[in-house]
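Trainee: All chains, please: the whole structure from these sequences, using the hints.
2 protein chains.
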Amino acid sequence: MNKPTLYTCLSPALLHLYDVRDCIVVVIDILRATSTISTALYNGAKEIIPVDSVEKCIRLGKEMACITAGERDGKIAEGLQYGNSSFEYPREFIQGKILVLTTTNGTKLLHMALAKGATEIITGSFLNFSAVCQHLVEMKRNVILACAGWKDKVNMEDTLFAGAVVSEVEQHFNINCDSSGIASNLYQLAKDDMYEFMKKNDASHYHRLTKFGLEKDIRHCLTLDLANVLPYYMNERLVV
Amino acid sequence: MNKPTLYTCLSPALLHLYDVRDCIVVVIDILRATSTISTALYNGAKEIIPVDSVEKCIRLGKEMACITAGERDGKIAEGLQYGNSSFEYPREFIQGKILVLTTTNGTKLLHMALAKGATEIITGSFLNFSAVCQHLVEMKRNVILACAGWKDKVNMEDTLFAGAVVSEVEQHFNINCDSSGIASNLYQLAKDDMYEFMKKNDASHYHRLTKFGLEKDIRHCLTLDLANVLPYYMNERLVV
Chain A
1 MNKPTLYTCL SPALLHLYDV RDCIVVVIDI LRATSTISTA LYNGAKEIIP VDSVEKCIRL
61 GKEMACITAG ERDGKIAEGL QYGNSSFEYP REFIQGKILV LTTTNGTKLL HMALAKGATE
121 IITGSFLNFS AVCQHLVEMK RNVILACAGW KDKVNMEDTL FAGAVVSEVE QHFNINCDSS
181 GIASNLYQLA KDDMYEFMKK NDASHYHRLT KFGLEKDIRH CLTLDLANVL PYYMNERLVV
Chain B
1 MNKPTLYTCL SPALLHLYDV RDCIVVVIDI LRATSTISTA LYNGAKEIIP VDSVEKCIRL
61 GKEMACITAG ERDGKIAEGL QYGNSSFEYP REFIQGKILV LTTTNGTKLL HMALAKGATE
121 IITGSFLNFS AVCQHLVEMK RNVILACAGW KDKVNMEDTL FAGAVVSEVE QHFNINCDSS
181 GIASNLYQLA KDDMYEFMKK NDASHYHRLT KFGLEKDIRH CLTLDLANVL PYYMNERLVV
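Going down the list, the protein sequences come from chains A and B.
With full-length UniProt numbering applied, the first sequence corresponds to residues 1 to 240, in that order.
With full-length UniProt numbering applied, the second sequence corresponds to residues 1 to 240, in that order.
Don't take each hint at face value.
In this list, chains with the same sequence are indistinguishable; a pair is considered to hold if it fits within one copy or across any two.
[Unchecked claim] Below are the DSBU-like pairs computed for lysine-lysine, each with C-alpha atoms no more than 35 Å apart in a straight line:
(1) Lys191 <-> Lys46
(2) Lys3 <-> Lys216
(3) Lys97 <-> Lys3
(4) Lys46 <-> Lys200
(5) Lys62 <-> Lys191
(6) Lys211 <-> Lys140
(7) Lys62 <-> Lys199
(8) Lys3 <-> Lys200
(9) Lys191 <-> Lys116
Simulated from the structure, these hints should not be mistaken for lab results.
In this text, all values refer to a predicted model and were calculated from it rather than measured experimentally.
Mentor: The structure is reproduced here in C-alpha cells:
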C-alpha cells in the first residue's frame with residue numbers, strides 16, 4: 001500500500017521537524033485567521049493577501065486601495081480598518097474586493113511555511129472542513145497539517161481541527177505521527193459539542209475571546225462547512 | 001486564590017516558551033529514560049549521572065569506574081555497557097553503584113532545562129507517579145511538566161504522563177495551558193488500559209520498541225508506582 005504520508009505539526013516552532021516541500025501544507029488558525037479567510041472568499045472576496053506585518057498591511061492598503069484587516073493579540077491592530085471576525089465580511093461588503101490581512105499567528109505561519117520551501121499551501125477551518133478533506137483525499141499527496149497555535153504554544157482548537165481532518169481522511173494516508181493520534185482522539189472526545197468542550201477545558205483562546213465578548217465568533221468558527229471553499233495560495237494571494 | 005501555575009511543555013523544542021527558573025521542572029521520558037532512572041534509584045543505585053553525549057558517558061565511566069549506560073535510537077549506544085531498560089537494573093546488580101546514563105531524548109532535555117536556568121529538576125515516570133504528584137502538591141511552587149518526546153516531536157506516552165499528573169493535581173494549581181488540557185483529556189481516554197491505547201493508536205514509540213521485542217518494557221513503563229521514589233537533580237547527579 002503506497003499511501004501518501006500525513007503529519008500533524010502542533011506548533012509553528014515545530015515546523016522545522018517536517019519537510020514541507022513537495023507536500024500539501026494545510027495552515028490552521030481556527031480562532032480566527034483561517035476561518036475569516038474561508039468566510040471572506042466564500043462571500044466573494046476577489047482575493048486575500050496575507051502579510052506578516054501591520055506595516056506591510058498598511059502600505060499595501062494604500063498602494064492598492066484595498067481593505068486592510070488584521071489583529072494583534074485578538075484586537076484590531078492600530079492603523080488597520082477591520083478585524084479578524086467572519087462577521088465583518090458579509091457578501092454585501094466584501095464581494096469583489098481585495099483584503100490584505102495580517103494576524104498574530106495564522107498569516108505568520110503561512111509565511112514561515114513559504115520560507116521553508118512549501119509549494120502548495122491551502123488554509124483549513126471548520127467552516128471549510130469538507131472542501132479541505134476532499135482535496136487532500138483527491139490529490140493523493142503527502143500532507144502536513146500545520147497548526148498556528150498561539151505565539152508558538154499548542155492550542156486546543158487548532159489541534160481539534162487537525163484531529164477532525166485526521167479522523168476523516170486517515171484511511172487514505174500512512175500516518176506514523178503521535179501528534180495526529182493525539183489530535184484525532186481529542187476530536188473524538190470533543191466532536192459532539194466543541195464549544196462546550198472548549199468551555200469546559202477553559203481553553204486559553206476561549207478565555208481570551210470571551211473576555212472581548214466574542215462567544216458568537218467562537219461558535220461560528222467551530223461550525224462545519226458554513227463557508228465551504230478551498231483557499232489556496234498562489235502568486236502571493238489566497239484565492240478559490 | 002493564589003495558586004501556583006502549572007504548564008505542560010509537549011516538546012523540548014518548545015521549552016523556550018516557558019520560564020523554567022524558579023519553578024519545578026519535571027523531566028518526562030517514559031520510554032524509557034525516566035522510567036529507568038526511577039527503577040535504578042528505587043533498587044538502590046547510589047546516584048545517576050545524566051550526561052548528554054556518549055563520549056562523555058564513556059569518559060566518566062573510565063574515570064569513576066562506574067556503570068555506563070544509554071541508548072541512541074532505542075538501542076545500546078556503541079561503547080556503553082548497558083541499555084535503557086528497567087530490567088537491566090535489578091537490586092542485586094545496581095545497589096550501591098553509580099550509573100552514568102545518556103539517552104536520545106530524556107537526558108538531553110534535562111541538560112537543556114539546566115542551560116535555561118532551571119534550579120529544581122525532578123524526573124517523572126508512571127513508575128514514580130505518586131511520589132511526583134505528592135511532591136508537586138506539597139511544594140506549592142510553579143511547575144513545568146517537560147516532555148522529552150522523540151527528537152523534538154511530540155509523543156503519546158510523555159503526553160499521557162503529563163495528563164495523568166494534571167488530572168491528579170489540577171485542583172492545587174492555576175492551569176491556563178491548552179497543552180495541559182489536551183494531555184489530561186487524552187489520559188482520561190487512555191487510563192483504563194494505556195498499553196492498549198498505545199497499541200490501538202500505533203504510537204510511534206510503541207511501534208519502534210515492539211520491533212525490538214520490547215513489549216514487556218512498554219507494559220512495565222506504563223505501570224503506576226512500581227518504583228515510587230523521587231529522583232531530584234543536585235550537584236550534577238540524580239539522587240533520591
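Trainee: Out of the numbered hints, which ones does the structure contradict?
Mentor: Those not satisfied are hints 3, 4, 5 and 7.
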